[in-house]
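Model the full assembly from the supplied sequences, consistent with the hints where possible.
Chains as they are written, first to last, in our numbering: chain A, 3 to 205; chain B, 351 to 496.
Note that these hints are calculated values from the structure, not bench results.
Hints are supplied without guarantee of correctness; some may be wrong.
Simulated coverage check for chain B against chain A, where a stretch passes if three residues somewhere in it have a Cβ under 8 Å from a Cβ of chain A [stated by the list, open to error]: (1) 375-382; (2) 387-400; (3) 460-469.
Here are the computed lysine to aspartate or glutamate pairs in the EDC-like style, where the Cα-Cα straight-line distance is at most 20 Å [stated by the list, open to error]: (4) A:K121 / B:D455; (5) A:K166 / A:E91; (6) A:K166 / B:D428.
Not the full set, but computed from the structure, chain B residues with beta-carbon under 10 Å of chain A [unchecked claim]: (7) Y441; (8) V484; (9) S489.
Think of the CB as a built atom: it goes at the ideal place given N, C-alpha and C, for glycine as much as any other residue.
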Amino acid sequence: MTDVGNVQAGAVSTAQVAARPTIQVVPLKGLPIVAAVVVFVIAAIAGNWLWALTFCHVAGGALWTAIDLFVGLIVGPILGRLSLPARAEFTARFMPKMVLLMPTLVLMTLAAGFQLALKLGNLSPASPNHSWLVVSYCVVGVMAVIALGVLEPANIAVLFEMRKPEPDGAVIATLMRRFVLTAGITGVMQVATLIIMTRVATQ
Amino acid sequence: MSAGPAAVPAPAISRRFPPVAELTTASLALVVVGGVLMASYAPRRPPLGVPAALAVGGAVLLLASGYLLTRVRPFAWDRFLLVFRWALLAYVISAGMIGFAFVKDHIRGAPLALVLVMLVIYALDVPLVIAFTVARYSSPASHAGP
Numbered sequence: 003m004t005d006v007g008n009v010q011a012g013a014v015s016t017a018q019v020a021a022r023p024t025i026q027v028v029p030l031k032g033l034p035i036v037a038a039v040v041v042f043v044i045a046a047i048a049g050n051w052l053w054a055l056t057f058c059h060v061a062g063g064a065l066w067t068a069i070d071l072f073v074g075l076i077v078g079p080i081l082g083r084l085s086l087p088a089r090a091e092f093t094a095r096f097m098p099k100m101v102l103l104m105p106t107l108v109l110m111t112l113a114a115g116f117q118l119a120l121k122l123g124n125l126s127p128a129s130p131n132h133s134w135l136v137v138s139y140c141v142v143g144v145m146a147v148i149a150l151g152v153l154e155p156a157n158i159a160v161l162f163e164m165r166k167p168e169p170d171g172a173v174i175a176t177l178m179r180r181f182v183l184t185a186g187i188t189g190v191m192q193v194a195t196l197i198i199m200t201r202v203a204t205q
Numbered sequence: 351m352s353a354g355p356a357a358v359p360a361p362a363i364s365r366r367f368p369p370v371a372e373l374t375t376a377s378l379a380l381v382v383v384g385g386v387l388m389a390s391y392a393p394r395r396p397p398l399g400v401p402a403a404l405a406v407g408g409a410v411l412l413l414a415s416g417y418l419l420t421r422v423r424p425f426a427w428d429r430f431l432l433v434f435r436w437a438l439l440a441y442v443i444s445a446g447m448i449g450f451a452f453v454k455d456h457i458r459g460a461p462l463a464l465v466l467v468m469l470v471i472y473a474l475d476v477p478l479v480i481a482f483t484v485a486r487y488s489s490p491a492s493h494a495g496p
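So, in structure tokens, the structure goes:
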């Protein structure tokens with residue numbers, strides 16, 4: 003992003019400004035890693051490589067589920083109880099990483115997972131896993147709408163707010179409440195995903 | 351140039367906006383439901399009536415959302431467009447990857463066309479809701495329109 007340079011964020015006093023972390027809404031250093039992951043997933047789908055598809059789906063899904071659960075159920079409640087400066091500093095360092103990490107993991111998991119299910123015959127109506135997969139589509143669909151329609155916009159809006167010379171604490175608090183609430187909801191829904199996927203893997 | 355109290359803008363947090371984010375998220379929900387319906391039939395050819403109706407509903411909500419957005423004054427259009435174009439790039443790549451998987455899996459004809467329409471709506475919905483959420487809390491620039 004051309005306009006995503008380093009900008010001071012956080013509280014407003016001069017002394018605090020000096021100590022504030024810099025914010026990049028999109029961490030540019032992470033983009034080559036994202037590009038490499040996307041290329042790898044495309045290659046895995048194009049080549050229909052069983053190992054690569056399994057790796058992308060299992061590794062991506064494990065990270066996605068674990069991070070969702072950890073952020074929603076552990077980090078979120080802790081974040082809510084931190085002092086405002088501590089919350090601002092944590093958010094400034096944490097949220098930009100989530101901007102790149104989560105969409106990449108979701109794309110990797112879902113694209114590889116659908117292809118894997120097709121290759122293994124789990125999508126066939128005759129497969130005992132078919133109905134479980136349809137349930138998993140529904141769970142993922144709800145999570146996708148929450149994540150893409152509410153959580154991610156709040157995440158990015160918080161970062162833009164924190165880049166301002168004088169961030170509005172009320173705006174940040176509102177958006178962070180939305181972020182933590184939706185992260186908690188998707189975290190709980192990930193439990194359903196864990197149940198479904200372990201059923202699919204063992205039938 | 352007025353510097354009186356009337357010129358002071360309302361705090362960003364309390365300003366009311368038309369339901370752009372809500373309509374766009376509803377549009378996204380419709381295409382996601384349509385996508386789930388179609389995926390549940392894979393690898394068979396899915397019936398297209400309900401998914402097509404959902405895609406049309408998603409498109410209508412997206413257009414309504416865009417229309418309401420163009421009527422917002424004042425609005426941080428510079429910030430909106432900055433975020434929208436970069437998010438659009440990201441979600442065009444994402445949608446392209448999903449579309450590639452469908453083409454690779456020999457989806458052809460009307461089902462492929464419908465999937466592509468849904469992906470276009472998806473690739474517009476997400477950047478729109480992200481850019482709107484960022485811009486609604488930003489100070490409008492001097493210009494009043496896009």
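Hint check:
no. : hint            : in the structure
1   : 375-382         : holds (count 4)
2   : 387-400         : holds (count 5)
3   : 460-469         : violated (count 0)
4   : A:K121 / B:D455 : 10 Å, holds
5   : A:K166 / A:E91  : 14 Å, holds
6   : A:K166 / B:D428 : 15 Å, holds
7   : Y441            : 9 Å, holds
8   : V484            : 5 Å, holds
9   : S489            : 9 Å, holds
Taken one by one, the earlier hints fail for this structure only at number 3.
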